[in-house]
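In order, the protein sequences belong to chains A and B.
The first sequence begins at 1 in our numbering and counts up by one.
The second sequence begins at 1 in our numbering and counts up by one.
Accuracy of the hints is not assured; some may be wrong.
One copy or two, it doesn't matter: identical chains are merged, so the pair holds either way.
DMTMM-like, lysine to aspartate or glutamate: derived pairs with alpha carbons at most 20 Å apart [unchecked claim]:
hint: 1; residue 1: K247; residue 2: E197
hint: 2; residue 1: K120; residue 2: D17
hint: 3; residue 1: K21; residue 2: E236
hint: 4; residue 1: K187; residue 2: E59
hint: 5; residue 1: K187; residue 2: E60
hint: 6; residue 1: K337; residue 2: D386
hint: 7; residue 1: K54; residue 2: E68
hint: 8; residue 1: K9; residue 2: E68
hint: 9; residue 1: K82; residue 2: E168
hint: 10; residue 1: K9; residue 2: D252
Honestly, the hints are just simulated from the structure, not real lab data.
Each chain, written out:
There are 2 protein chains.
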Amino acid sequence: MKMSRIFTKTLRDAPKDETAKNGALLTRAGFIHKEMAGVYDYLPLGLIVIEKIKNVIREELNKLGCEEVLMSALQNPEPWEKTGRFDDQEVDIWFKTALSSGGELGLAPTHEEPMVNMLKSYISSYKDLPVYVYQFQTKFRNELRAKSGIMRGREFLMKDLYSFHTSEEDLDKFYAQVEQAYACIFKRLGLGDSTFETFASGGIFSKYSHEYQTFLPVGEDTVYYNPDKSLVFNKEVFTDEVLDEFKAVREDFRETNAAEVGNIFKLKFKYTEPLGLKFADENNESKTIYMGCYGIGVSRVMGVIAEKYADDKGLVWPEEVAPFKYHLVAIGESGTKVADDLYSEFADKILYDDRASARPGEKFADADLIGLPYRIVISDKTLTEDSVEVTDRRTGETRMVKTIDLKGLFL
Amino acid sequence: MKMSRIFTKTLRDAPKDETAKNGALLTRAGFIHKEMAGVYDYLPLGLIVIEKIKNVIREELNKLGCEEVLMSALQNPEPWEKTGRFDDQEVDIWFKTALSSGGELGLAPTHEEPMVNMLKSYISSYKDLPVYVYQFQTKFRNELRAKSGIMRGREFLMKDLYSFHTSEEDLDKFYAQVEQAYACIFKRLGLGDSTFETFASGGIFSKYSHEYQTFLPVGEDTVYYNPDKSLVFNKEVFTDEVLDEFKAVREDFRETNAAEVGNIFKLKFKYTEPLGLKFADENNESKTIYMGCYGIGVSRVMGVIAEKYADDKGLVWPEEVAPFKYHLVAIGESGTKVADDLYSEFADKILYDDRASARPGEKFADADLIGLPYRIVISDKTLTEDSVEVTDRRTGETRMVKTIDLKGLFL
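Next comes chain A alone, as it looks inside the complex (with noise of 0.2 Å):
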């Protein structure tokens, strides 16, 4: 992408009512733009990072046979209504709307019902599971405040996953498999060393669920951990008696902020009992389903990863997040024949500075605040010494690289 050719700027200043590290940074990049509190656009280079992460959860959800859908927006009240989560009562950040040809609508905050509603259609028999179903949908949280830049949303984008089984025992060995996924994951997407899986309440049918917390100063939740974290609580489960049924002491632990990236519950029958999902098991005996379901704040994962990993100067991208690996500043005429010749080359793996009116210095903070991985700076006086300089966005060494060996940073 050439950056002579993208419409956005990088601004100096961020919205007035952008108090969020990661909202400030990522507007300031040419990454969003905020439309009103927690809702946001994804400008060219932010629409890249969001598809990367889709795509790292993707490939590791494809693997376990999940199958993507996509499901509406808009919710007919009636599978609601049936666990009596349409009353904002129980719910209390619905959007809701309504027909012109008359009825209440609400905008899907999450969508157990629809999805095991919908799955009626097609699950009859223990031969029919068991099903691994998933989106990468819009969700519509109407949050009172929201204050916390893309982290917090009241327009977001979501992975939901939901699994449908015959047993407690096949749901159970799935959700590992989903543990193992997620980890994988959370690492790909460079926040392994920082994300643990939580305990956190369960619900009705199950003790626990669990929630991927990533450790980070301005997060909103509050966790204890031990020594080693292998041992990871969210603030509600932290009692003497959760302690004491993980033979654990409250002295071992320690407190700190987190930002729920993700979370895992088994739900078994929540859902699917008062919505009637139900199969005929080997004997024809009516059944009803078991379920669990999987998320991953898909635009929340990109503001912790901006908020994570910033410094002073900007952005800092992991790898595989990075909407282009490397930053390509040409300075000189020399230089920009090289970069031209680069770029032409391996255009999807760059961003080339190649406006002629920034100043080197310009697009050197540019480079900082954008963040990508590497910045390649080709100019006349690399060029004396047959080389160019590349910088690693994230130590700041610098390294100089022959220009006939250049190519192979791409292969």
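We have chain A already, so just place chain B on it with the hints.
Positioned in the frame of chain A, the structure of chain B alone reads:
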């Protein structure tokens, strides 16, 4: 994709209230699921079709230098109030909702206002222009009636492109490029022979806009065309005055139904003026920006393709949008062995009916209903002649292909 793994099934019947052929067939074949009138879920096969349509459009627009973004569905009334379009008297298909913290919101039925408003952050000089920005976004329109399957959605997927220019000449030039791109897009989507650029009413700043109308008996629009279809008029502009202007006579024209799959508008100052999107020209004079907009109804295109090509056995997909090119049916033990091998090598091009429980007749009927371009049957019988049977879904023509040449079909 293996049919034994897909959670959907072909259904004998569509929902009773599904009167449109596209809605009924797409439901029966497992591409979509109806949530309510005009609101559908996209199931695994359907989502692949949507993504293929998007990719065709994306490829052609990117060739023109267009940049992809993703704007929000939730709409702050402010920019819409400046153009008068937040008023339900003015735009009668709004879904409205409200923030729990106070304030009415809309669900975007289109995105001119937020797009123009957003660009005020990035465009200030003639050097920043032209700009071409597009997105694939869910639109919400509170239609009183929605009985045409996915051809008229209350929630539907649209590609909307907006262009911004310093002069009318530059707008005209880009508009002509988009006309070329649209011709190419509809050709690739399999609608080239039946889709015609049609004169329609132009609004405030232009005498005419152009619609892309696919001739179709169930289309909701009425258009008039001359013998070589070089002139097509929407009913609203088919007047004596307009005919005079084009030196055409009414007797030469025939009437037909058509479905609008795209439209392009020279909006000029319609939105940029009230929203104050200006640029400084070479003399540092402030001028209003010229604007064009260019839509394609992505989910509607899918419905139109389904509607147009379906026969009495089911759907018939053009190759470029088919979820897979080949529908592989294995019969018998040796047939299954050869089919397994083929699938393992070319999984991304094959829908493999590997169901052990389904009879051959059932598999053939499902292949016809789902409508992939080619059916390959590998049975113990075809293998006695070292062959497989390949049937063209559209023509019904069958030919035998030697197993030794089989892989050649996929390369």
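Here's how the hints hold up against the structure:
1. K247 <-> E197: Only inside one copy: K247 and E197 sit 18 Å apart there, 74 Å across copies, limit 20 Å.
2. K120 <-> D17: between (46 Å within a copy, 18 Å between copies)
3. K21 <-> E236: Result: close neither inside a copy nor across copies, 27 Å intra and 53 Å inter.
4. K187 <-> E59: within (13 Å within a copy, 32 Å between copies)
5. K187 <-> E60: within (12 Å within a copy, 35 Å between copies)
6. K337 <-> D386: Answer is within; shortest intra-copy Cα gap is 13 Å, inter-copy 57 Å.
7. K54 <-> E68: both (12 Å within a copy, 16 Å between copies)
8. K9 <-> E68: between (35 Å within a copy, 15 Å between copies)
9. K82 <-> E168: The answer is neither: 23 Å in one copy and 57 Å across copies each exceed 20 Å.
10. K9 <-> D252: neither (49 Å within a copy, 53 Å between copies)
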